[in-house]
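S.K.: Residues per chain are reported as follows:
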Amino acid sequence: MCLAIPGQILSIDTGGPLRMGRADFGGVIQDVCLEYTPDISVGDYAVVHVGFAIAKLNMERAKDILATLENLTIEQRHADN
Amino acid sequence: MPTTDFGDPRHVSLLVEQIRKKAVGPWTIMEVCGGQTHAILRYGIDQLLPDSLRIVHGPGCPVCVTPMESIDRAIQIASSPGVVFCTFGDMLRVPGSRGDLMQARSNGADIRIIQTPLEAYRIALEESSRGAEFDRKSGRQVVLFAIGFETTAPATAMAIRLAKQSQLDCFSALVCHVLVPPALEAIFSDPLHGIDGLLAAGHVCTIAGYRPYESIAQRHSIPIAITGFEPVDLLRGILAVIEQLQAGRSKFSAVNSYEHIAGIDGNIHAQSLVDEVFEISDQSWRGMGSLPRSGLKLRKSYASFDANHRFEFESVVPREPSICRAADVLRGKIRPIECPEFGKRCNPSNPIGAPMVSNEGACAAYYIYQSLAVRKTQTLEI
Ligand code: SF4
Numbered sequence: 001m002c003l004a005i006p007g008q009i010l011s012i013d014t015g016g017p018l019r020m021g022r023a024d025f026g027g028v029i030q031d032v033c034l035e036y037t038p039d040i041s042v043g044d045y046a047v048v049h050v051g052f053a054i055a056k057l058n059m060e061r062a063k064d065i066l067a068t069l070e071n072l073t074i075e076q077r078h079a080d081n
Numbered sequence: 082m083p084t085t086d087f088g089d090p091r092h093v094s095l096l097v098e099q100i101r102k103k104a105v106g107p108w109t110i111m112e113v114c115g116g117q118t119h120a121i122l123r124y125g126i127d128q129l130l131p132d133s134l135r136i137v138h139g140p141g142c143p144v145c146v147t148p149m150e151s152i153d154r155a156i157q158i159a160s161s162p163g164v165v166f167c168t169f170g171d172m173l174r175v176p177g178s179r180g181d182l183m184q185a186r187s188n189g190a191d192i193r194i195i196q197t198p199l200e201a202y203r204i205a206l207e208e209s210s211r212g213a214e215f216d217r218k219s220g221r222q223v224v225l226f227a228i229g230f231e232t233t234a235p236a237t238a239m240a241i242r243l244a245k246q247s248q249l250d251c252f253s254a255l256v257c258h259v260l261v262p263p264a265l266e267a268i269f270s271d272p273l274h275g276i277d278g279l280l281a282a283g284h285v286c287t288i289a290g291y292r293p294y295e296s297i298a299q300r301h302s303i304p305i306a307i308t309g310f311e312p313v314d315l316l317r318g319i320l321a322v323i324e325q326l327q328a329g330r331s332k333f334s335a336v337n338s339y340e341h342i343a344g345i346d347g348n349i350h351a352q353s354l355v356d357e358v359f360e361i362s363d364q365s366w367r368g369m370g371s372l373p374r375s376g377l378k379l380r381k382s383y384a385s386f387d388a389n390h391r392f393e394f395e396s397v398v399p400r401e402p403s404i405c406r407a408a409d410v411l412r413g414k415i416r417p418i419e420c421p422e423f424g425k426r427c428n429p430s431n432p433i434g435a436p437m438v439s440n441e442g443a444c445a446a447y448y449i450y451q452s453l454a455v456r457k458t459q460t461l462e463i
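Chains as they are written, first to last, in my numbering: chain A, 1 to 81; chain B, 82 to 463.
Calculated directly from the structure, the hints in this document are not laboratory data.
Where hints are given, some of them may not hold.
To be verified - Below 27 Å or equal to it, Euclidean Cα-Cα: the simulated DSSO-like pairs (lysine-lysine) are: (1) B/K102 <-> A/K63; (2) B/K103 <-> B/K332; (3) B/K414 <-> B/K425; (4) B/K103 <-> A/K63.
The following block holds chain A by itself, in its conformation from the complex (with noise of 0.2 Å):
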């Protein structure tokens, strides 16, 4: 049921009794419902659970991750040379 692969939001449709929208978890396209997550925007990654978008996913705290990663990967390169 943890669909862990966030989707990127298509389009977002208000015209119903919910917020919906459809979203691409790489290249499947899904209907999502956006209810609980009034702050997402058409371009934005979703993290979904059943049906429902449940987070954002914050894509700067995201790259800061990596790119942490990334500087510690280069300095260990570097350490092993």
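Could you slot chain B with the ligand onto chain A? The hints should help.
M.R.: Below, chain B with the ligand without anything else, positioned relative to chain A:
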């Protein structure tokens, strides 16, 4: 952001290297999320760890912890005339006292597999719009089997609120939602629990926040890391736990290693609807018995949507097969491969217990990735 970014082999090697340097154990780390169990085995994370670290799997599979009496109830409801019974596919083969939902379906029950509770609501809406014959009075009903942790409860809550708003009389839910922290309390209250550190489930914390884990870390002296599902997420979590263990602090804490997704307070929008629809109640867990304040039940204002009030139940005394060690697997006492029935009489085509059935069950995970797991055990025994 492509998720492959969190699986970069260079970053994985770096983290494994750091873990190897710092893991002076032996330490046992428990994870408590079915999705993580499978990710750990699928990516072979357990294979990468030094022998001084042992990963065990707690009560993190929602299908596995749903008690047998709920399965028995579900089968009785689904088999009632005029019922459309909506469930996640994983529940179909979970053994009840007398058979499973799959058998009920082959005996004629109208059981539909759903991906989201909203589908059950939509089925009810569609059916009710077909005409007056589809309503509660005439016995025609759509029932949602609402199982799962803090993560799934908001989806159930939304389906039920919509049903109330549209006065959808023919809709009800068999609610069996459970909460993770009380189960962890029960596990860590056993002085012989043998767990040195905990990986807390990222998605549960994304919804519910992780304040309760702070207090578990302190009261039970267990270092905790909130983690996700990708190799880098899991390894950062493991590293955060062993850094605390290595520092030998007298006070441990819950560290957020899933900071790009989960915040300390969780998702307040989801929490507020869950709180509107449900209240906390005692709940029984498969393999763990009844745990105080560990589940959710519908509040009075939503009680008319409770399937328990709409159907008569024949009481069946649930009987777990005595050879199944699910209770020990779910408490992290043994790993699935240590169960004598694993891979012999018990396998995914002939599951004896729930952990071998579900996509998120630990026994099924070990079976699917068996060769790797067995290799690891052999290494540990050398
Ligand atoms: S391997 Fe089968 S019998 Fe053993 S604990 Fe797992 S589900 Fe139960």
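S.K.: With reference to the structure, classify each hint as holding or not holding.
M.R.: Results for each hint:
1. B/K102 <-> A/K63: Distance of about 26 Å is within 27 Å: holds.
2. B/K103 <-> B/K332: Holds, at about 19 Å.
3. B/K414 <-> B/K425: Cα-Cα ~20 Å, so holds.
4. B/K103 <-> A/K63: Holds - the C-alpha atoms of A/K63 and B/K103 are around 25 Å apart, at most 27 Å.
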